[in-house]
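*Asks:* Since the structure of chain A is provided, determine the placement of chain B on it from the hints.
There are 2 protein chains.
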Amino acid sequence: MIRDLVKTELKIVSAMGGNVMHALKHSDSSFKNFGEAYFSKIKFGYIKAWKRHRKMTLNLIVPFGKIKVVFFDDRSGESVMDEVILSQENYYRLTVPPMIWFGFQGLHKQESIMLNIADIEHDPSEVEREDLEFVNYKWEQL
Amino acid sequence: MIRDLVKTELKIVSAMGGNVMHALKHSDSSFKNFGEAYFSKIKFGYIKAWKRHRKMTLNLIVPFGKIKVVFFDDRSGESVMDEVILSQENYYRLTVPPMIWFGFQGLHKQESIMLNIADIEHDPSEVEREDLEFVNYKWEQL
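Residue numbers (the working numbering), protein chains in the order written: chain A, 1 to 142; chain B, 143 to 284.
Bound conformation, chain A alone (with noise of 0.2 Å):
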């Protein structure tokens, strides 16, 4: 995997009524500081990509359909990439370090729902963007 970039088994605790879905404790190995938290939906085939945050540590969590996030990073001179599928089956947070460039895309037939606790607050000065061609990746075709 990507350097850094750290991928966790979440606990899913069964209850009638519904689930309870650990995302973030404060004193995860993984847990940096509190920023910001927002939701990102994503649209079933939909892809929004590329995206690199300057500053910001990202922990992404999906408790609701099922989503693809892309990286590539090119942080040592060669190009590595990644992939990594979130579900309610493939429950895992990713904490996702500075200067990796990302992309996801949803592949469940309602709307994907993605949370993103970030160790600071949004700032478009330290968000770069790039078109979907940027990376010759091949996305799913749905």
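Please note that a few of the clues may not be correct.
To be verified - Taking lysine-lysine and the DSSO-like style, the derived pairs with C-alpha atoms no more than 30 Å apart in a straight line are:
#, chain 1, residue 1, chain 2, residue 2
1, A, K25, B, K208
2, B, K251, A, K66
3, B, K280, A, K11
4, A, K25, B, K280
5, B, K197, A, K66
6, A, K32, B, K251
Rather than coming from a laboratory, the hints here were simulated on the basis of the structure.
*Replies:* Using the frame of chain A, we list chain B on its own:
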């Protein structure tokens, strides 16, 4: 409304592939501390009640579905009740101080999702639970 129970309207940023929905920022006046974030799901018609936290302040946000949250406050000797429906159409964050009884019911045909960003980590010793009959409240028959 119940004393110190804070209802904050949240921003939804429209985007083609799926909206971005705000939840909580470090600089928000209702933010105290980050202890833990977790999701509680609730099935259609199901009720989870009653529960009271002795220490935890909760921040409740519903990114999917529709949930009725009912509060029962007996802190000052008299009984005060309140209820709020949370959904994407009624997109608010509820900040709930300690020592208020609460319960919630799923009002969406699919399972609804509630995020709690709490100021302390989960600690069973600070949670009190009572049966549904503990508070005389007429829940919806669904």
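*Asks:* With a cut-off of 30 Å on the C-alpha distance, tell me whether K251/B and K66/A pass.
*Replies:* Judged against 30 Å, a Cα distance of about 20 Å means the pair holds.
*Asks:* For the pair we were handed, K197/B and K66/A, check the Cα-Cα distance against 30 Å.
*Replies:* With Cα atoms ~35 Å apart, K197/B and K66/A exceed 30 Å; violated.
*Asks:* Taken at face value, is the distance from the CA of K11/A to the CA of K280/B at most 30 Å?
*Replies:* Status violated; Cα separation ~33 Å.
*Asks:* Check the hint pairing K25/A with K280/B against an upper bound of 30 Å on the C-alpha distance.
*Replies:* 35 Å, violated
*Asks:* Please verify whether K32/A and K251/B have alpha carbons no more than 30 Å apart.
*Replies:* 37 Å, violated
*Asks:* With a cut-off of 30 Å on the C-alpha distance, tell me whether K25/A and K208/B pass.
*Replies:* 26 Å, holds
This entry does not satisfy hints 3, 4, 5 and 6, going by the numbered hints stated previously.
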